[in-house]
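Taken in order, these protein sequences are the chains called A and W. The numbering used here puts the first residue of the first sequence at 1, with every later residue one more than the last. The numbering used here puts the first residue of the second sequence at 1, with every later residue one more than the last.
One should not assume that every hint holds.
Unchecked claim - Dumping the calculated SDA-like pairs for lysine to any residue here, alpha-carbon to alpha-carbon at most 20 Å:
hint, chain 1, residue 1, chain 2, residue 2
1, W, Lys472, W, Asn360
2, A, Lys68, W, Thr646
3, A, Lys68, W, Asp520
4, A, Lys105, W, Val511
5, W, Lys209, W, Ser562
6, W, Lys118, A, Thr26
7, A, Lys68, W, Met514
8, W, Lys585, W, Thr646
9, W, Lys118, A, Ile138
10, A, Lys68, W, Lys209
11, A, Lys68, W, Asn360
12, W, Lys402, A, Pro32
Unchecked claim - Facing chain W, according to a computed beta carbon distance under 10 Å, are these residues of chain A, among others:
hint, residue
13, Gly44
14, Tyr50
15, Cys67
16, Val92
17, Ile94
18, Gly96
19, Gly99
20, Ala116
21, Ala140
No wet-lab data here; the hints were simulated from the structure. In this text the structure is predicted, and so the values were computed from the model without any measurement. No residue lacks a Cβ here, since even glycine has one placed at the ideal position from N, Cα and C.
So the chains spell out like this:
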Amino acid sequence: MNEFEPRLIAFACNWCSYAASDLGGTSRIQYPANVRIIRVMCSGMVDPIYILSAFEGGADGVLVTGCKPGDCHYISGNLKAEEMIRRLKEVVHILGLEGERLKLKWISTSEGIIFARTVAETVDELKKLGPSPFRKEIAACP
Amino acid sequence: MYNRRRGSTTEVKTGVYVCHCGLNIAGTVDVKKVAEYARGLDWVVVARDYEFMCSDPGQALIKNDIKEFGLNRVVVASCSPRMHEATFRRVCQEAGLNPYLFEQANIREQCSWVHSDKHEATEKAKALVRAAVRRVYYHELLEIKEIPVNPNTLVVGGGIAGIQAALDIADSEHKVYLVEREPSIGGHMIQLDTTFPTLDCSECILTPKMTLAGSHPYIELMAYSEVEEVSGYIGNYKVKIRKRARYVDADKCNGCGMCQEKCPWKVDSEFNLGLGKRKAIYTPFPQAVPNIPVIDTEHCAYFLKGACRVCERVCELKAINFEQKDEIVEVEVGAIILATGYDSFDARLKPEYGYGLYPNVITGLELERLLSAAGPTQGVVQINGKVPKNVVFIQCVGSRDKTVGNEYCSRVCCMYTAKHAHSIKEKIPDAKVTIFYMDIRAFGKGCEQFYERVQKERVLYRRGSVSEIYKKGDKLVVRAEDTLQGELIEEEADLVVLAVGLAPRKDANEVMRMFNISPDLDGFFLERHIKLDPIATATEGVFIVGCCQGPKDIPDTVAQASAGAAKVLALISKGRVTLEATTAKVNETLCQGCGRCEEICEFHAPKVCRNEAGLLVSTVNEALCKGCGVCAVACPTGAISIRHFTRDEILSMVDALVEV
């Protein structure tokens, strides 16, 4: 039996996905506790260094969530996030990290159930991918 | 790990408060263990747990500790910051601590409410508290700035909601711009014959308000106009409005109606939903406000082929002006109220009912026009000249229906159908009237009594969904299951009325983008809080009233419109608004003046120019900056950062949360 419990760090934007997560909570929709959410004002606020730092610290997956295209509270911040993630996915393999560990999902304010489902699906995917290759490095550190 | 710069030069003393929220958190998360854990964290001087941190005694705990322990940082682990960040920031402020030295950990909506395993939930709560404690260390004092509020208001939409909101604000002697896209105000309510449950004549109760709105000294009415662009922020919005050309000079026209009378070109009347005709130069209905006609250039012979010009000839006041152009005006307002209303559900999406195929299948709104004495048939209910003797109503068309994607109940259809059934019985006493329904909702004042009255008038209510309508000779047959009798029935009808629901406007998405608000799951405008704040939106200074926020009847619409006015008046009365302090700032030593921030910002907040030392650096206009953070990500040197969301603050959380 695989006892591996992935650690998933999620970034959620204040106006859409974080609100959706709150709505999922108010509706008591259950999802795995593997996820830890960080609130940002906009998905465009997510700097690549935050994602790389998460992986370096041993995160098995990073999920960036934000408003759907056209709905961004700051007009186009989400589109900038999308471009950043696209570029980051192309280079993370250099670090020995599978691109699938980094995910982007647009979730609208009222989509509490989608937030919960996304977390559950991502955790499942990470369980199949296995622990991040960085975990061995961290374990080996004095 | 990265070496973080030491954020604070003075000793950091943090107080941590873990809320039980009754059993909402404490039922799943071991709050005492979390508080104990917090006590062991760096810089934490005091850690407590308490039943309701947001209550008066809960708030007092924080205030007392700030004084007693000299706390300069506060962490509350409780509900979502979207719920109570403002509350706890105020508590800090009242105790003399800068409100931005506060951090909230969400251990309810994102922990206790969504995880059932108590051990997992408690470990996660500990991690979230750890992250908040690490982050709050880097928080800095932020200056709270206030800016004045423009006392003018923009109301978009001239139906009953917009009119009511505009009148309430104008009565306080503050200016309102009332913008309506149709040639006249009145919305859908002016299309109604009577209103339930009192059977008031709709026009009779609405036209006095319309006249007042059209002549009020503090309302600038812009009908036949549309908002094109919105910029700015609460207290200081700039709005571009297109005033469409009527081709009639409003200053000269006295509304005599001669031009419409003599115009030879007939067009389907939009106001009468295609059941009657209007002219190419027209006012949509006789009581239009403003009572100034409009030339429909798509059907006017002059605009199409340079001919006719009869209206120009017969106008004694020389008010016709074919050269008139659209006019763009820019207004400045402090707040915006959206009252854009609804569209009727498109009954063609239920092809089994034959709407659009059979002329004697009509919608409830179309029946209103037939019932109205000012309507296309002068109040005589007839189809192709024949008065119906068998009238069937079908409830819930386009509502409570997953197959068309509208799960919601439209609230008004049970009552308006009862009203219609009553009106039919009144006009055609020997008609057989049947209503097929799923459930009857008659919850408003006087509504249950009205429903009973209609039943006593021998209107037959049959519980069951209609599966199809088909033609038999010149009659229609309505096929349904009567679930109370447990039998399939086929009811003959010569008029079928579909009780169509209320749907969001077709262009609701464009309107939402223009005003920077979001849709709810049904496509209506999303309110800030469905119970406690159904009028404000996520965008400060933009309010939503009436059916654009969700289906409702006239009493609720009027109440909500007045509520919107009250919110705006509170803003105007205070006269100032607090700027969000979490804006971008530039470290001029690191700034190279490359201009990436200026390029990438949607709000034109950063500008590169020479500083006092003559160096090219970026300067941020804090009133324009919304604090989104894209400039900080784009900056190649890290010179620009967002106050309260700096790299140190977020990285400290990342580090804390990946720890196993």
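Okay, the hints, checked on the actual structure:
{"no.": "1", "hint": "Lys472(W) - Asn360(W)", "verdict": "13 Å, holds"}
{"no.": "2", "hint": "Lys68(A) - Thr646(W)", "verdict": "25 Å, violated"}
{"no.": "3", "hint": "Lys68(A) - Asp520(W)", "verdict": "13 Å, holds"}
{"no.": "4", "hint": "Lys105(A) - Val511(W)", "verdict": "25 Å, violated"}
{"no.": "5", "hint": "Lys209(W) - Ser562(W)", "verdict": "14 Å, holds"}
{"no.": "6", "hint": "Lys118(W) - Thr26(A)", "verdict": "18 Å, holds"}
{"no.": "7", "hint": "Lys68(A) - Met514(W)", "verdict": "15 Å, holds"}
{"no.": "8", "hint": "Lys585(W) - Thr646(W)", "verdict": "10 Å, holds"}
{"no.": "9", "hint": "Lys118(W) - Ile138(A)", "verdict": "28 Å, violated"}
{"no.": "10", "hint": "Lys68(A) - Lys209(W)", "verdict": "40 Å, violated"}
{"no.": "11", "hint": "Lys68(A) - Asn360(W)", "verdict": "43 Å, violated"}
{"no.": "12", "hint": "Lys402(W) - Pro32(A)", "verdict": "30 Å, violated"}
{"no.": "13", "hint": "Gly44", "verdict": "4 Å, holds"}
{"no.": "14", "hint": "Tyr50", "verdict": "6 Å, holds"}
{"no.": "15", "hint": "Cys67", "verdict": "8 Å, holds"}
{"no.": "16", "hint": "Val92", "verdict": "16 Å, violated"}
{"no.": "17", "hint": "Ile94", "verdict": "19 Å, violated"}
{"no.": "18", "hint": "Gly96", "verdict": "17 Å, violated"}
{"no.": "19", "hint": "Gly99", "verdict": "19 Å, violated"}
{"no.": "20", "hint": "Ala116", "verdict": "7 Å, holds"}
{"no.": "21", "hint": "Ala140", "verdict": "15 Å, violated"}
Checked against the numbered hints above, the structure breaks hints 2, 4, 9, 10, 11, 12, 16, 17, 18, 19, 21 and satisfies the rest.
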